[in-house]
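Novice: Here is what each chain is made of, one letter per residue.
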Amino acid sequence: MIEIKNLSKAFRRTNVLDDLTMHWGQGDRIALIGSNGAGKTTLIRCILGQYVYNGNIEVNGLEPRANRSAVLKTIGFVPQIAPPLKMPVSELLRFCAGAADIAIADIEAVITRLEIDIAELRSRPFNRLSGGQKQKILIAIAIARNPGLIIMDEPTANLDPKARQILFDLLSERGDLPVVISSHRLEEVAGLVNRIIELDRGKVVLDDAVEDSGDLSARMPCTITIARHDEAFANAISGWNFSEGDSDLVWKGEVSGADRLRFFGVLARYSGVVSGLEMGESTGKRSTVK
Amino acid sequence: MKALLLATRLDIAESLRARWFVLYSLVFGGIIVVLFMFGLTESRVVGFTGLTRLLVTYIQLSMAILPVFVLITTVRSLAGDREAGVFEYMLSQPISLAAWYWGRFAGRFIIVFAPVFLAMIAATVWGVVLGAEVPVYHLVWYTILLVSLAFCFLGIGFLISSVTRSSDVAQSAAFFIWLIMLLFLDLVLLGMIIREQAPAGLVVTLALANPMQVFRTAAMMLFDPQLILLGPSAWIILDAFSETGYLVWAVCYPLIIGLAAGGLGYFLFRRGDLA
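Residue numbers (our numbering), protein chains in the order written: chain W, 1075 to 1364; chain B, 169 to 443.
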C-alpha cells in the first residue's frame, strides 16, 4: 500500500523527518503518535504530496508529487484543524464531490449518519459551524469517497462519544481499509488501531502491533455503581449517554469497544466516587472490576 | 477542465463572501457615484464633456486604485489561506496543481475585473438615462485596457504569493512593488529625472517598462491622440510605436507581464512545499 524508504525532510537546517523507512499494508490501522514536533504532520503532508522531500514514498506504486491526482483519489484525509472557509457547506461539498467524482448525495448520506441535519447546514458558512460539526463534515467527505486509505489527524478531538461510535461503525463497515490516525495521546486512539508507530524528532522510536484490537463496531454494556451522588460525575457520565439505573447510585449505558480506554480515562478522574464497574462485550464475554 | 472550473468557482464563492470584496466593490461603485454627484457629465474640460469626461476621470482613478487593490487582496487571501491551513485541506483533494492554481487565477480575475467593469457600465447606463451619448470607442478601449491592467497585477500578485510564506511579508512586498510603480509615473520620479536632463531614451524606456505608466499613457492617447499633454516624450513614443502600435503595446505588454509573472508563480508553487 505505502512504501516509505529513507524519507527525510528538513526545514532550513532542522531535520523534521530523519531517514524513515516503513511499510504500511492493507488492513493496517495505525496510530501515529508522538509529541509536538515529532514529525507526524510533516510525514502526513509528504504522503499527501504537499511537501518536497528526500527519499522515496510510493502509494500503490505511485510517487505522490508526480501523480498527485491519482494518489489523492485513493486517500481520504481529515485534518486536525478545519480550514477556515467562508463558503457555504454546500459549496465545499460541491467542490470535494466534483474533485473526487462522486455524488454530493453520497457525502450527505454519511453526514446524516453522523447525526447532522445537512438541510439546516447547507447554506451556512463552513467557518461558522461548531468544531464538532466541521469535524463530522470533513470525516464524511473523507469516508464517502471510498478511499483505499484514510488519514486522520486527531479525528476524535471534537466528537462526542456517540459520534465517535458512529465513526468507528463507519470504519468497521469498510472492512480492512487501512487507517492512519495521528494523535498526541495513545489512549485516545489505542482501541481503534492494530499497530502503533511512535515518532520522536523525526525518527521511529516504536513500531509495534496491538493484539487487543477487536471489532470497531463492538459495544460494551456497562454498569457503574457510585458510592455517593456527585454532580460532576453525573455530568461527565451523561456525556457518554449513560442514564441512572434502579437508583441514583447506579448508572447504565454502553461504551464503544474502541473507546473504552478513553472511557476508563474519564472514570479515573472519579475514582473516589466510583465503587463498582461491570463491563461486558456484546459477544457475551464479561469482566467485572471492583 | 472540470477541476479547473471547480477551482474557479471555489475562488469566486470564497471571494464573494470576503470583506475585501465588499470594500473593493464599494470603492469602484463609490467613485462612479461621486463623479456623477460632482456633475462631471455636465462639465466641460479641455473639450471633453458628458460620459467621455466622466470615463476619462474614472479610468485615471482606476489606474491608481486597481493595482494596489488587486495586489494586496490577492496576496493577502492566498498567503493567508496557506497560513490558515486552507491549502493543506483543499490540496488534499484529488485535483491537479495546474487546475488549482489557474482555476483560482481565473476566478480571482473575474472577481477583480467585474466590479470595475460593472461600475463603468452602470455609469454608462446612468449617463444614457440622463441623455448623454455613449462613447462606444472609449468604452471598448477602456475595457480592454482594464482587462490588461488587472491581468498584469493579478499575475504579479500570484507570483508574490508563491514566493512568500507569510501574508505579512506578501502584503509588504505587494505594497512596495505598487509604490515603486507609482513613484515612476510621469508625475513623480519620472518628472524629476526629466528635470535633471536625463537622456530622453532612458526616461521613455522607464516609462514604457512600468505597466501603470503604459496604461496611463494609453488612456491619455484615447482622448489626446498626439499626446500633447505628455510633452516632448510624446515624439519618441509616437515615432517608435505610432498611435495604433502604442495601443497594441499598452494592451499586450501588461498581459505578457501578467502571464509571465503568473507562469513563474505557478512554476515556483509546483516546485516547492504547498502547505
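Calculated directly from the structure, the hints in this document are not laboratory data. Take these hints with a grain of salt, some might be off.
Straight-line C-alpha distance at most 27 Å; calculated DSSO-like pairs for lysine-lysine [unchecked claim]:
id	chain 1	residue 1	chain 2	residue 2
1	W	1147	W	1160
2	W	1277	W	1079
3	W	1160	W	1079
4	B	170	W	1147
5	B	170	W	1277
6	W	1277	W	1160
With beta-carbon atoms standing in for the labels, derived distance ranges [stated by the list, open to error]:
id	chain 1	residue 1	chain 2	residue 2	range
7	W	1258	B	431	37 to 43 Å
8	B	431	W	1089	30 to 36 Å
9	W	1155	B	431	52 to 58 Å
10	W	1100	B	170	27 to 33 Å
11	B	184	W	1175	23 to 29 Å
12	W	1197	B	190	15 to 21 Å
13	W	1236	B	184	34 to 40 Å
14	B	184	W	1080	19 to 25 Å
15	B	343	W	1109	23 to 29 Å
Every residue gets a Cβ at the ideal spot worked out from N, C-alpha and C, and that includes glycine.
Novice: Give a verdict on every hint.
Specialist: Hint check:
1. A hinted pair counts as satisfied when its Cα atoms are at most 27 Å apart, and residue 1147(W) with residue 1160(W) qualifies at roughly 25 Å.
2. Restraint check: the Cα-Cα separation between residue 1277(W) and residue 1079(W) comes to about 13 Å, which is no more than 27 Å; the hinted pair holds.
3. Our distance criterion of 27 Å between C-alpha atoms is broken by residue 1160(W) and residue 1079(W), whose separation comes to about 39 Å.
4. Between the alpha carbons of residue 170(B) and residue 1147(W) the distance comes to roughly 15 Å, so the proposed pair stays at or under 27 Å and holds.
5. Restraint check for residue 170(B) and residue 1277(W): not satisfied, since their Cα atoms lie roughly 41 Å apart, outside the 27 Å limit.
6. Of the supplied pair hints, the one linking residue 1277(W) and residue 1160(W) is violated, its CA atoms being roughly 38 Å apart against a limit of 27 Å.
7. The hinted window of 37 to 43 Å between residue 1258(W) and residue 431(B) holds, with their beta carbons roughly 42 Å apart.
8. Checking the proposed 30 to 36 Å range against residue 431(B) and residue 1089(W) shows it holds: the Cβ atoms sit about 33 Å from each other.
9. For residue 1155(W) and residue 431(B), the hinted distance range of 52 to 58 Å is not satisfied, since their beta carbons lie about 32 Å from each other.
10. For the pair residue 1100(W) and residue 170(B), the supplied restraint of 27 to 33 Å holds, since their beta-carbon distance comes to about 31 Å.
11. At about 26 Å, the CB distance of residue 184(B) to residue 1175(W) agrees with the hint of 23 to 29 Å.
12. With their beta carbons about 19 Å apart, residue 1197(W) and residue 190(B) fall inside the hinted range of 15 to 21 Å.
13. At roughly 36 Å, the beta carbons of residue 1236(W) and residue 184(B) sit within the given window of 34 to 40 Å.
14. A hinted range of 19 to 25 Å is violated for the C-beta pair residue 184(B) and residue 1080(W), which are about 46 Å apart.
15. The hinted window of 23 to 29 Å between residue 343(B) and residue 1109(W) is violated, with their beta carbons roughly 39 Å apart.
Going down the numbered hints, you'll see the structure goes against 3, 5, 6, 9, 14, 15, while the others check out.
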